[in-house]
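Novice: Place chains F, P and L on chain C using the hints.
4 protein chains.
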Amino acid sequence: MILTLKPNTPKKDIDLICRKIEELGFKPHLSKGKEVIVIGVIGQNAILKKDIFEAMDAVAFITPISKPYKLVSREFKKENTIIKIDNLKIGGKEIIVAAGPCSVETKELLLEIAEDAKKSGAKMIRGGAFKPRTSPYAFQGLGEEGLKYLAEARKKTGLLVITEVMNVKQVGIVTKYTDIIQIGARNMQNYDLLKEVGKARKPVLLKRGLSATIEEFLMSAEYILSNGNYDVILCERGIRTFETATRFTLDLNAVPVIKKLSHLPVFVDPSHGVGVREYIPAMSKASIACGADGLLLEVHPHPEKAFSDGPQSLLPKQFDVMMKELRLVAESVGRGL
Amino acid sequence: MILTLKPNTPKKDIDLICRKIEELGFKPHLSKGKEVIVIGVIGQNAILKKDIFEAMDAVAFITPISKPYKLVSREFKKENTIIKIDNLKIGGKEIIVAAGPCSVETKELLLEIAEDAKKSGAKMIRGGAFKPRTSPYAFQGLGEEGLKYLAEARKKTGLLVITEVMNVKQVGIVTKYTDIIQIGARNMQNYDLLKEVGKARKPVLLKRGLSATIEEFLMSAEYILSNGNYDVILCERGIRTFETATRFTLDLNAVPVIKKLSHLPVFVDPSHGVGVREYIPAMSKASIACGADGLLLEVHPHPEKAFSDGPQSLLPKQFDVMMKELRLVAESVGRGL
Amino acid sequence: MILTLKPNTPKKDIDLICRKIEELGFKPHLSKGKEVIVIGVIGQNAILKKDIFEAMDAVAFITPISKPYKLVSREFKKENTIIKIDNLKIGGKEIIVAAGPCSVETKELLLEIAEDAKKSGAKMIRGGAFKPRTSPYAFQGLGEEGLKYLAEARKKTGLLVITEVMNVKQVGIVTKYTDIIQIGARNMQNYDLLKEVGKARKPVLLKRGLSATIEEFLMSAEYILSNGNYDVILCERGIRTFETATRFTLDLNAVPVIKKLSHLPVFVDPSHGVGVREYIPAMSKASIACGADGLLLEVHPHPEKAFSDGPQSLLPKQFDVMMKELRLVAESVGRGL
Amino acid sequence: MILTLKPNTPKKDIDLICRKIEELGFKPHLSKGKEVIVIGVIGQNAILKKDIFEAMDAVAFITPISKPYKLVSREFKKENTIIKIDNLKIGGKEIIVAAGPCSVETKELLLEIAEDAKKSGAKMIRGGAFKPRTSPYAFQGLGEEGLKYLAEARKKTGLLVITEVMNVKQVGIVTKYTDIIQIGARNMQNYDLLKEVGKARKPVLLKRGLSATIEEFLMSAEYILSNGNYDVILCERGIRTFETATRFTLDLNAVPVIKKLSHLPVFVDPSHGVGVREYIPAMSKASIACGADGLLLEVHPHPEKAFSDGPQSLLPKQFDVMMKELRLVAESVGRGL
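Protein chains in written order, with my numbering: chain C, 64 to 400; chain F, 64 to 400; chain P, 64 to 400; chain L, 64 to 400.
The following block holds chain C by itself, in its conformation from the complex (with noise of 0.2 Å):
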């Protein structure tokens, strides 16, 4: 970290800052110019004491030199990480796909849904019993009874399950009985269950929050591997912005961006990114095209019964469709699907 401080600093406080370095367990290093004093912060970690010097009246401008993360960073680890789970490889050369409905309503629609996605290439069912929804009065889900569709529908296809958790009291349960476990947009920088589920044995599905940074966006996936939990899949799904075409801005530049910051693989979800049905597949196969590993799709056979945002699901047929096509622009980047 390097402190530039304003011009005309008197010595004495020059002196005081370099002694709160010291204290602080780090090493200054000045240097003086004509118009500019500069001051390194030599150490480790140095960056997360940057709140100290923020508040110091002669500090005029703060370089981090160093990220303010660090085991999800690609210095830390320059190859990707590669989460297996069964047979399956997620992070690796083959694209994977989670389909499925935004929430699980009864087991026979859970079982059919599950059963085309199979056929048409899915490797993961989705499908929420735990729901966050913006009204008390809306569906909230099905709770445990969901949890075990879930597990029936694996039982039958094959598939595996990802499915949400939304406090630190259902990781338990959660765990139990899903594959990966998802923790929703709105929970992004809920600590307390980024830790809980740093302490779980299964791997992590990560949403970005609406108006998350990607900087924020990986500090928030630091919180699960510094607790023991190396294996995170990161998950774009729209920021919050002016436009009101789409849902959300699926912001498809944090793909190469993330990519390129950290070793952990990348999923997009379109459905809520775009949240409009018939601009999916574009965006799908936009997703692929920038690098990510896999996609989250919601796929209902009855949108307009759905108990929960029918308006972006895709009809099966739709969804078989666009599987065939992504497969072309999976193996146009090199890849497979």
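Bear in mind the hints are in silico, worked out from the structure with no lab data behind them. Do not take every clue at face value.
All copies of an identical chain are treated as equivalent in the list; a pair is satisfied when it fits inside any one copy or across any two copies.
[As the list claims (entries may be wrong)] Listed next, the in silico EDC-like pairs over lysine to aspartate or glutamate satisfying Cα-Cα at most 20 Å (straight line):
1) Lys130 <-> Glu117
2) Lys218 <-> Glu117
3) Lys74 <-> Asp242
4) Lys113 <-> Glu207
5) Lys211 <-> Glu157
6) Lys95 <-> Glu341
7) Lys156 <-> Glu388
8) Lys258 <-> Asp76
9) Lys74 <-> Glu367
10) Lys90 <-> Glu367
11) Lys69 <-> Glu388
12) Lys140 <-> Glu278
13) Lys133 <-> Glu208
14) Lys368 <-> Glu86
15) Lys380 <-> Asp120
16) Lys368 <-> Asp120
17) Lys130 <-> Asp76
18) Lys368 <-> Glu175
19) Lys113 <-> Asp78
20) Lys218 <-> Asp242
No experiment lies behind these values; they were computed from the predicted model shown.
Specialist: Here is chains F, P and L on its own, set in the frame of chain C:
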């Protein structure tokens, strides 16, 4: 709720939609013009089924004619809600100021700040014992120890205590020590936590999420009220925009908007919203001028030693000067402080 | 356009509104339900009078049932517009790439870049002679001299020229030298400039404003078409959001959305949208995968010597490698390049 | 400007960078620590060459130690700029209110509004003769006829005139009739127009662009000052965010920020910023409380008949009541109105 159908929707589809409306327990009211077909969906809470109609291909537009929230709305309760704690009235003529450090650090420091704050006219002491921090490596708060210090500060000064709860398991312990339970911005859509504090017997201050619309903010408050707790304070604390000169963009427009839509008291947190010490007084005055019922302010005698958020903390002396200025502005809009 | 009145609007006010509708040359279609009063405003272009009804106290909601633009819409023209310049077809099966420096600097350099770009498969040379720069002290472009170099590059290589016009007085001179007139993002709502290029006899590439909604973008294009020039290309180039890892947030969602709403060709400018060299190939592939008809790319052999936008320029060699990759993606979605 | 190089940059590259710095007329100041290599670029306006260094692969971070603007900065001029027009002082102790319709419509109406506004305490009449409208089919303003009405209103009431100019060709005619030339938000980065009004002999009110950072706003003002016109008023008018309850998000934080960074007077336009009549008084009070030097307000006796922006216009009576309230707030912060 009014459905506008796509031009030339065949009769068969119109009939289907009308039947669906009846199935859901509402009455359809069909109006066919030359170019337009409009169906009114008549009945209580029809808006809560909006998703179902959005998923229908024949529906071009949906016009909500009622708000998706009830208990928090001005329609439900015309007069301003006044929350009484001991002798304090929140939401009345007097503007309430809560001051204190971002994090509770040591007992001595907290007591010192509390006494200074009281002398300057603050009515509450604020400070975090459980801290939501972006980095897993940053100070995470003193936990229950911090709550005890807050309780002691209350005992010594008579200031009411407001402090944050971060997860469902902490609600019990926080409720035990605090006068007002704070839900932080990053937890505004942590619905299980909202339900839990909805069952608590203490008032709740709910902060607006970084990218939450005012409607979503009110929906989150509705979670608390619908679980039985009607003593909710809404707190604007800055939203995320492209501007980087301030830490967030304090959205004061939210104050008159919420005052119109809801009967609940509205606070503003300029310290977090702006994030730069020298702009706090101007934005505090503006908050009062546009109708805020209270302010949350960070005060710290040694900001450069604070464990968090030093750059935005006022010195006790600056706070004292500002309180005198705020009093004049409060009087100019017919309020006291 | 449908007006939903506030509940309990007195008959007198309903009559007033109906009379106003007739005065404006439309027909009112009144529908009174138990809880709701709805008035359809029947007639061509009623939506253009929206402001008038919004200002009425009795009107609670306005539902537009037609788009505020006409000539640019898919309703007006079903088939894709294909713009023909010499042998080139823009908006057809082939994807068109324009490459070149941000600013025209020297003749030699421009010719060198043009020849390299051509070899790699570009069909147009891009470069600014008039430059909109944030700072008055930055290089403002070579002016007409730059236009001459571009014309010379065209003569030598056969590449078509695209270059920016910044004000109404320059339209004549720019039109003289260029094949396609570019309107920059900061001028997207410079309506007098739009009218002027609407009268020009050359195709126009219109860039989306930094915070323009897609609807506003189409309205700006409507200015050009309604002045007689139907050869308009719409270009997504990144919007402003809170994210700082990329220079702007390239909004690829805009591509399928515009393709649905309009018949005009859509280009993408990943160089400006992302602003970081190493992310350009990924986002270029994604642009093609989601349906873009062309790309605008910055290429410069010595980015560190460029007069502007060096950090986002590709080296000719990088460009060449990328073009080969783009060809594969184009083929995977049934296009050529 | 300070360059922080990537760790392990070879000596050869360091030398190259130092040589480049000298070539550009600056002095390099090298400081090599154990982990960090820092080069200070010493010399006037080094920051203007930032692009060149950003394009260098070895450069990891650039810390600007000076602002990219000069003439508009507090460093350049410590005291507040006070613009004198006749007996009026803009930027002094008195807060100046400009009131009037969005568009100039008829002479009679304009005179009526002007007389009412004057009685209530306004010092300027505002109204557009040239109107930037999103739709090409909307009313585009009366042109010179409108300017004449404004001049007549000035003659009758003594109110100063402020009106908008939209392109370089109109500057002459607008300057002839108006006291203050307004540049609209959509033209904030219309650099040729900024240069042109920089040569005009009348004060300029520059509105902030919808997605312009405060730094870009000041850079645009710098265009005007650097062309010779030092009488510039900066006007906050709302930025674009995700919030839809207000038309834009009026960013009052900009007021204290600009006051700190610049010596120029700051106005606020709550009518456009909020866009909803009933929120205007609250936000006008807040504008004054946080330090605005003046307000731009829309007043119209028949908002439902206005040619534009009716929903945000105050009735003359509402305006009159509000002005009395604003006076109290102004006094509470030591100002007059």
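Novice: Hint by hint, note whether the structure agrees.
Specialist: Outcome of the hint check:
For the identical chains of this complex, Lys130 and Glu117 are neighbours both inside a copy (17 Å) and across copies (19 Å), given an alpha-carbon limit of 20 Å. Taking the closest pair of Cα atoms, Lys218 and Glu117 never come within 20 Å of each other, the shortest separation being 55 Å inside a single copy and 34 Å across copies. When the C-alpha separation of Lys74 and Asp242 is checked against a cutoff of 20 Å, the pair qualifies neither within a copy, at 60 Å, nor between copies, at 47 Å. Proximity of Lys113 and Glu207 under a CA criterion of 20 Å is satisfied in neither setting, with 44 Å inside one chain copy and 26 Å between copies.
Proximity of Lys211 and Glu157 under a CA criterion of 20 Å is satisfied in neither setting, with 29 Å inside one chain copy and 50 Å between copies. Proximity of Lys95 to Glu341 under the C-alpha cut-off of 20 Å is found in neither arrangement, the shortest distances being 60 Å within a copy and 28 Å between copies. Taking identical chains as interchangeable, the C-alpha atoms of Lys156 and Glu388 lie at most 20 Å apart whether they share a chain (18 Å) or sit on different chains (17 Å). In this assembly of identical chains, the alpha carbons of Lys258 and Asp76 never lie at most 20 Å apart, being 40 Å within a copy and 44 Å across copies at closest.
In this assembly of identical chains, the alpha carbons of Lys74 and Glu367 lie at most 20 Å apart only when taken from different copies (18 Å versus 71 Å within one copy). In this homomeric assembly, Lys90 and Glu367 come within 20 Å of each other (Cα to Cα) only across copies, at 18 Å, whereas the closest approach inside a single copy is 64 Å. For the homomeric pair Lys69 and Glu388, neither the shortest alpha-carbon distance inside one copy (58 Å) nor that between copies (30 Å) is at most 20 Å. When the C-alpha separation of Lys140 and Glu278 is checked against a cutoff of 20 Å, the pair qualifies only within one copy, where the shortest distance is 17 Å, while the shortest distance between copies is 38 Å.
Proximity of Lys133 and Glu208 under a CA criterion of 20 Å is satisfied in neither setting, with 39 Å inside one chain copy and 30 Å between copies. Proximity of Lys368 and Glu86 under a CA criterion of 20 Å is satisfied inter-copy only: 12 Å between copies versus 63 Å inside one chain copy. In this homomeric assembly, Lys380 and Asp120 come within 20 Å of each other (Cα to Cα) only across copies, at 16 Å, whereas the closest approach inside a single copy is 63 Å. With identical chains, the CA atoms of Lys368 and Asp120 are at most 20 Å apart between copies only, with a shortest distance of 12 Å across copies and 60 Å within one.
Taking the closest pair of Cα atoms, Lys130 and Asp76 never come within 20 Å of each other, the shortest separation being 28 Å inside a single copy and 24 Å across copies. Taking the shortest alpha-carbon separations for Lys368 and Glu175, only the intra-copy value of 15 Å comes in at or below 20 Å, while the best inter-copy value is 58 Å. In this assembly of identical chains, Lys113 and Asp78 lie within 20 Å of each other by CA distance solely inside one copy; the values are 18 Å within and 31 Å between copies. Taking identical chains as interchangeable, the C-alpha atoms of Lys218 and Asp242 lie at most 20 Å apart only when both belong to the same chain, with a minimum of 12 Å there against 50 Å between chains.
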